[in-house]
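Take the two lone chains and join them into the complex the hints point to.
One-letter residues, chain by chain:
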Amino acid sequence: MSQTREQVLTEVNRIMCGVFNNPSIQLKYETTAQDVEGWDSLNHIELVLAVEKHFKIRFNFAELQKFKNIGELCDNVAAKLAQPAK
Amino acid sequence: MQFSDLKPNLARDFSGLPRRRLALLGDSATQFLAKAIKAYGYQEKIHFEIHEADFDQLNHQILDAHSELYQAAPEFIVLYLAAEKLLDRFAGTAVAARAQFAEQVLAEIRNWWETIARHCPAKVIHFNFVEINDAVFGHFATRVPASFPFQLKRLNFELMQLAQGQKHVFLADVAGLAAQAGYAVAHDPRLYATSKVALALDFLPAVAKAVTDIVQAVSGQAKKCLILDLDNTLWGGVIGDDGMENLQLGDLGIGHAYDHLQRWARELQRRGIILAVCSKNNEDTAKQPFREHPDMILRLEDIAVFVANWDNKVDNLKLIQSSLNIGFDAMVFLDDNPFERNLVREHLPEVTVPELPEDPALYVAYLAGLNLFETASFSEEDLQRTRQYQAEAARSDFQKSFTSIDDYLQSLDMVSEVKPFDDFSLPRVAQLTQRSNQFNLRTVRYTVADIERLRAAPDHLTLSFQLADKFGDHGLVGLVILKQLDATAAFIDTWIMSCRVLKRGLEEFIVNQMVRQARGRGLTRLIGEYLPTPKNGMVKNLYGDLGFAGRDGRWALDLEKFEERRTFIRAK
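Heads up: the protein sequence lines correspond to chains A and B, in order. Residue numbers for the first sequence follow this note's numbering, beginning at 1 and rising by one. Residue numbers for the second sequence follow this note's numbering, beginning at 1001 and rising by one.
Okay, chain B solo, but in the shape it has when bound (with noise of 0.2 Å):
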């Protein structure tokens, strides 16, 4: 894409999208960049309000508590150090401090972070540098600490350690980003000489695209789920007709291009995505090489979710996002065929729906230059995640034997984990705030930063939910978080609760844990408020279901009149 492709965006109508305050601060111009993101959030259904600080200004914008950049009250910062000044920078250092240049930078920009941190709540999003060399020792340079490009790779790898600590901070990789472009495409030094634009018109698109999947996955706008066509997808030829032998895996045909893509598709699932498959096949021919063929990669353990039958793959898409209990718009789907990939982006628009090359062996490379699975977290819960699916479907498996939903709620032995936060459960905790949208009362959306200051804040009052059962672990599946009020009241500013667990019970045993927890306090009223989005329906009368009253989103509880609700969860 070309920033020209991208410009007649700037002029259509935002009006309707929803907005995200961004501030750009750069130590070059930056006003070619702030309209490229722009004009990409347009595309993305994001009206970016973009508050530009004058160039060069990071120091004074940053570290003056009543700078222009806090008043605009923004929700990301996006910073961004032009390589090209740093090595005038670097060339302005006396030889002999050049060893320990990169420690020098990255003080200043560690304290720039920790600055924004306690004056807003902000997000940070901060582009690691262009690797530029600057050829004065070549490739030797690899060996001179004192070298430019010594200090600079250094940098961009201790950046990626200064983040490790500062949950605010998403770092862009826009050095990877110049690595594929090729710096002729990312650098233009006439646009430098002349304007002090550091990054070239033509790789602003992608530079735009970076900011815009960051500020998505931190809003919880996240890919969960992976839907893998078979034949001429997974692997080469059709299995019906082909049979298992001849399909193009391995060593064979050209197999190596589909095992590309399968370990790709591993690799993924291992991160926390779901893997599904969605194939017109008989159920038991499709399945046959993921259980004998030596050279598959990816196996039925992988996969969460397989369906393979005659019926279209609208419907059969349907069923996948159903028994998954996610979004469309969470999901990515995967076949060779244009007709498929049309009837699917036809009927199932939320669906994304790369258009594949014909060439299987650009499949990979493609689908990594989309970018599709940007996240904002990744904790302990998402290796688990697979299991949990099928562990789901073993469940569903067992209630069948049931005809009371009660006796089989029974049988469950669930036993329920409920503690405050912790240091083990923040990231969790966080991931759960940014991505959950169904059983979600009011969305709102914390980072790791955020939920560390209320676990802190003594008004606050929090609660994790873990949930096991005779089947499996779901892990941390449900959160509240209480806020007090006055001597007689709390808040509920956040109940969230994992798809994965509804119709257990835990909603109940939820309230009943909120009352003790409240009583504890002393407290004698619960208030609690829905607030209405495009995804949460599913908990509009939440509060009226479990005994509250009240109506219009805001609804309290009496605690001195509340019984304890029926559940067949017992307190760990």
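Just chain A, same shape as in the assembly (with noise of 0.2 Å):
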């Protein structure tokens, strides 16, 4: 189903304090690890997991480890919903 990005923001922004269990994170498209405390390499591979598993898509190895922000996490999301369904 497709989203827009604001939505898909919404959402990421969602899992993401589930992930860091602090619920007071308030992400925007420019936010990167350096901007939110704890953001450390396993933080994110948790977090993009979730967000996989949640969007029921599917990143490949370099998209694992290439978002330089959240807004480019983002649009790789919404790009995927976009996609028809395989």
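Derived from the structure by calculation, the hints contain no laboratory data. One thing to keep in mind: the hints can contain errors.
[Said to hold, decoys possible] Result set (DSSO-like, lysine-lysine): computed pairs, CA atoms no more than 30 Å apart in a straight line:
#, chain 1, residue 1, chain 2, residue 2
1, A, K56, B, K1280
2, B, K1318, B, K1007
3, B, K1007, A, K68
4, B, K1280, B, K1224
5, B, K1196, A, K68
6, A, K53, B, K1224
Next comes the structure, spelled out in structure tokens:
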């Protein structure tokens, strides 16, 4: 099901609060790992896997590592959701 | 269960939960595993304090007696070697040496286990290897000793053999869990490639459960009794309405689903789990299939306590509990009826009540997945248990024919064999220290390895008590460990009795024997201590009742003044 970038951001924000166990995280498209306390490589991978599971999509290995900010992650998710189901 | 279901537990309040110190050593990244164990522990009411070593530090941490590992004084050390990492190592092994690959790895593991035992008293929980196939030889690998799958399966088999001689080691069958879940669930190649995390997140709850199950079994929390409803649980149909001939068993209807459950229950019984029946039925009607139905797998002699009446099941479970003298938390209750299940859950929250699936064909698969009957030991005694409980029932009928308890005890012809712990009694002794909760003065848990050490220590004196009477042999039902403090006094480090033999005068017999042994060493005082737990209230005044002087849990017996207590038990 297709979703807008804004809808994806809201969902990602919610997932991140759960993964980081911090309900007060406020994500923007420009947010990077430097901006959020505790965003280390392990939390990153947990976040990305949780996003995958939530949206029922799959990132490849290269994508897993490369998102430079939240906006890019949301764009990638939105693009995957827009593709017809295989 | 998924990792994300467990994770919120990490933020909960662990205060007040009993603590267990656990160290986690792996050759891959174990942070997620540590979180899963901690979070799973919360749901089982354990506060795991986890010491995590830096990744891939096994040699250093284990071999150096001063490492952080030993400084953390863990009670349990979890060792996890990733099969994926093993494959790398295999690839780096000269082709000519590959047929001996398993030996090489085993030698290393053996050295770790033995070194740990030398440096600390911790138990080791060692994961066996997830069985991956590198698809280099295909299925033909099973015929090529120098292939990876061949060496890997051999390793897993040899680990079991090796663990036979290492009583502080408990293997967690992670290979079995991965086979059940599927490798695609157990391992995420992307997670391994990015973060060297070899166990996928949603596989971790199963692994955390394995660790927790083992820790609980070693700590004495084991299920001892399976209580079975009859109609539509043990057979299809309602005997009171349908009649015995129409019960679904064997080839009739979906009878094979019930056969499967009965066969499983019988295997548990043979392993030492006590079976009881709790059914709303007339007793004669309920017993008829056990006596007469050709397709019944369970027979009356397999059932230690049979309760069939029209009272409510909560009262009947209480009856079963008191006649077996075990805790409610050692009982598992199976019933197809959600109403009965909820009633029991509400009134007896300590009893484990599995939420049986509606389809009886799924009963056993579901129950097996819960791993309810984890154990930390297995001895000959376990095989005798049902007979012992049945003999107990015969005794209690016999007792009704006597008016005085002394006449009754006298007529039982009780004989006790008293010996220091020996090779045969070791497993049973360790098991009693791990499982006994009620008649247990200090509740110190020992493994077989601990007991071996104590037995060899010159300042310790060990006694095991076996009891037999005209109805049968109870087996080893009492044990005492005395620690000599100085030239005049010994401390009763451990005094445990099986609840099967209460009110027989065995307490008096044991104290007489302790005094004899202590006098034989020229001692003049025995010191006893009572450490209260939620379950051992029954022995709170034991020392006082036996003539010890003292209070506040510390007691002393003056051996110069002690007079032998009256008992109807003869020493063999």
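Against the structure, the hints:
1. For a cut-off of 30 Å, the pair hint linking K56 of chain A to K1280 of chain B is broken: about 48 Å separates their Cα positions.
2. This hinted pair does not check out: K1318 of chain B and K1007 of chain B have alpha carbons roughly 37 Å apart, beyond 30 Å.
3. Pair hint K1007 of chain B plus K68 of chain A holds up; C-alpha atoms about 26 Å apart against a cutoff of 30 Å.
4. For the suggested pair K1280 of chain B and K1224 of chain B, the alpha carbons sit about 23 Å apart, so the restraint of at most 30 Å is met.
5. Using a Cα cut-off of 30 Å, the hinted pair K1196 of chain B and K68 of chain A holds, with the two alpha carbons roughly 21 Å apart.
6. Between the alpha carbons of K53 of chain A and K1224 of chain B the distance comes to roughly 40 Å, so the proposed pair goes past 30 Å and is violated.
Going through the hint list in order, the structure does not satisfy hints 1, 2 and 6.
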